[in-house]
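Each chain is listed here by its residues.
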Amino acid sequence: MTVVATRPVIEVRSLRKTYGLGDTEVHALAGVDLVVEKGDYIAIMGASGSGKSTLMNIIGCLDVPTTGQYLLDGVDTRRLDERRQALVRNRKIGFIFQSFNLIARTTALANVELPMAYAGVKAADRRSRAQAALERVGLGERLDHIPSQLSGGQQQRVAVARAIVTNPVLLLADEPTGALDSKSTADILDLFDDLSRAGRTLCVITHEDEVAARAKRVIRLRDGQIVMDERVAGIHQPPPGVAR
Amino acid sequence: MSRFAEAARFAVRGVLGNKMRSALTTLGILIGVAAVIILVSVGTGSSAAVSEQISSLGSNTLTVSSSQGGGGGRGGGGGFPGMGGGSVDSGSQTRLAELTVDDAGALLDDELAPDVKAVAPTVSASSVTATYTGASHDVSSFTGTTPSYLAINDWTVSAGSAFVDADYTDRERVALVGVTVAEELAGGDGSDLLDETVQFNGVEYSVIGILSSKGTSGNQDQDDVVIAPLTAVQDTLTGYGSVDAITVQATSAETVDAAQAEIEDILNSRHKTTSDDADFSVSNASSFLEAATSTTDTLTVLLGAVAAISLLVGGIGVMNIMLVTVTERTREIGIRKAIGAQKFDIVSQFLVEAVLLSVFGGLMGVLIGVVGSQFTIVGVEPVIEPYSVVLAFGVSVLIGLFFGLYPANRAASLRPIDALRYE
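Here the protein sequences come in this chain order: A and B.
Throughout the first sequence, residue numbering follows UniProt numbering, covering 1 to 244 in sequence.
Throughout the second sequence, residue numbering follows UniProt numbering, covering 1 to 423 in sequence.
Read the hints as simulated data drawn from the structure, not as lab findings.
Do not take every clue at face value.
As the list claims (entries may be wrong) - Below, in silico cross-link-like pairs of lysine to aspartate or glutamate (EDC-like), each with a Cα-Cα straight-line distance of 20 Å or less:
no., chain 1, residue 1, chain 2, residue 2
1, B, Lys-214, B, Asp-138
2, B, Lys-343, A, Asp-63
3, B, Lys-214, B, Glu-184
4, A, Lys-122, B, Asp-345
5, B, Lys-343, A, Glu-82
6, B, Lys-343, B, Asp-418
7, A, Lys-38, A, Asp-229
8, B, Lys-117, B, Asp-345
9, B, Lys-343, A, Asp-81
10, B, Lys-343, B, Glu-328
11, A, Lys-38, A, Asp-194
12, A, Lys-38, A, Glu-230
Stated by the list, open to error - Quick look at which bits of chain B chain A covers, simulated, 3 or more residues with Cβ under 8 Å:
no., segment
13, 322–336
14, 339–347
Idealized CB from N, CA, C, for every residue including glycine.
Please model the entire structure based on the sequences and the hints provided.
Below you can see the structure in the form of structure tokens.
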């Protein structure tokens, strides 16, 4: 594990996001600087209203900052039109949401195939890759189950499979364990450790200390600014959870 | 184009995902398309029936009829035998209110009326009852005329023979009967009636021929007829005097108008009238046809318009359901966009879904419309117009496109963060 990082996955400079105008102006982000190198596993913490969701939306290319710069894997996201934003989301980011966000009445396999369908991957190729991703998250036996036939933990694992299947540069998880019981939470966090050890870059947004404790680096937001940035383990070391 | 194929697959899944709703939406289009096809077929069918009825009169025949109801005594003045025979101009200073056999004869004039090929004066005896060995039958049409009438009106004799000029001049009491009359009186196929004596209102006529069947036209039995020499009918049933009408055959369908003008000239000069105060009227089949066709065309347009409105309503139903679907699946749209779906992908998906609903409705509508047009509806045999099938189906597809476009665009322009936040 002595890979030399060429360029950061996330490079954020004086990022501001303002909602409303005049007296009702709200600064959701008030000048955030953040650099995340390839292979890192960071947790972004903060109470609700701290601006972490706004940061996550901007990092995920779902929203654009009011001012400031955001380079994702070297791509300046402010210059992207809607079509290219979608393309960046599809190619570079794997999303994992709190409420899983799988497509209802659609099999696990089809859900995992979906990002590749939008990327224009051929059907046969798509199928074998989706199958491999589902096996990777331990759901090789449940390819044809629809979300309502799966437990919360299993659904979130399908979501993880969907996020990793396109080999994105960044896995972005928004409160990934917020809707899970402790057993499923442990499963998902173990899965994240696995992915981190395999060299993936993870960015987890959470308000749970238990989740943040598994990251190599913890960042705390308050009132739209970073108030704490603590490194727990080196970028190329295994995440702290593995050592236990 | 594989992206489109994917979108189409998602659309099919969307349609099948809510079968009940899809079926009901489809039903709206189905009813619209089927209504257009059936109603236009009914309109076309009734117009075809009318024009068939009218063209059976013959496209090159004209009918001259007296335009004054009732009028002078039947007994006065006699229509004497022979075309252009004895004069009946009793009181030639006053206007002749009625048509006579001589009027008919005067129309056969190579110089004044070169376009007239044949004429036949006719009288109609009303409420004639035929009796034969105990059987009786009310004849719906009893016509006294000249032999040329048969040729003008396309009557042929299937058994026996037609009456000839000699029968006319000799005032022979002979009759040609239609198949219906023959069957009613003699039973069986009616052929037993040939050469028998039948009483019409008590007057004996001998049946010398049975007319070939013409079938029914509309709800009128064309075979419930008796045709006899004009002279004999006047002798026995109608009395002497005027004729009810003169049937004229033009040399061809193209010369009908010329013939009509010639007839009007001749009769005006004979009756000492002008075209303004003429006491007769000349009508031809094509003028009936025109009037009738324009009426039935209006009917067809009206029926079609009503059906088109129901098709439009069906289209609005599609739009309504698609808007509901988009709202319902806002979250799904957000997910799709978050993981990289382009506007194009979302628009295609929902547009294809709308078009699928309307195309399926259209196909079922065509099927039901075509099947429904096989049945007789309110006495009309519908005639399927291919254009109505193509039009109704095409419009249903367009309706899907048109009414699907707005909901699909709305879906595609949702911002992913808003859509994901939507509960």
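Okay, the hints, checked on the actual structure:
no.: 1; hint: Lys-214/B - Asp-138/B; verdict: holds (19 Å)
no.: 2; hint: Lys-343/B - Asp-63/A; verdict: holds (16 Å)
no.: 3; hint: Lys-214/B - Glu-184/B; verdict: holds (16 Å)
no.: 4; hint: Lys-122/A - Asp-345/B; verdict: holds (16 Å)
no.: 5; hint: Lys-343/B - Glu-82/A; verdict: holds (9 Å)
no.: 6; hint: Lys-343/B - Asp-418/B; verdict: holds (15 Å)
no.: 7; hint: Lys-38/A - Asp-229/A; verdict: holds (17 Å)
no.: 8; hint: Lys-117/B - Asp-345/B; verdict: violated (75 Å)
no.: 9; hint: Lys-343/B - Asp-81/A; verdict: holds (12 Å)
no.: 10; hint: Lys-343/B - Glu-328/B; verdict: holds (18 Å)
no.: 11; hint: Lys-38/A - Asp-194/A; verdict: holds (16 Å)
no.: 12; hint: Lys-38/A - Glu-230/A; verdict: holds (17 Å)
no.: 13; hint: 322–336; verdict: holds (count 5)
no.: 14; hint: 339–347; verdict: holds (count 6)
Consistency with the previously given hints fails for number 8 only.
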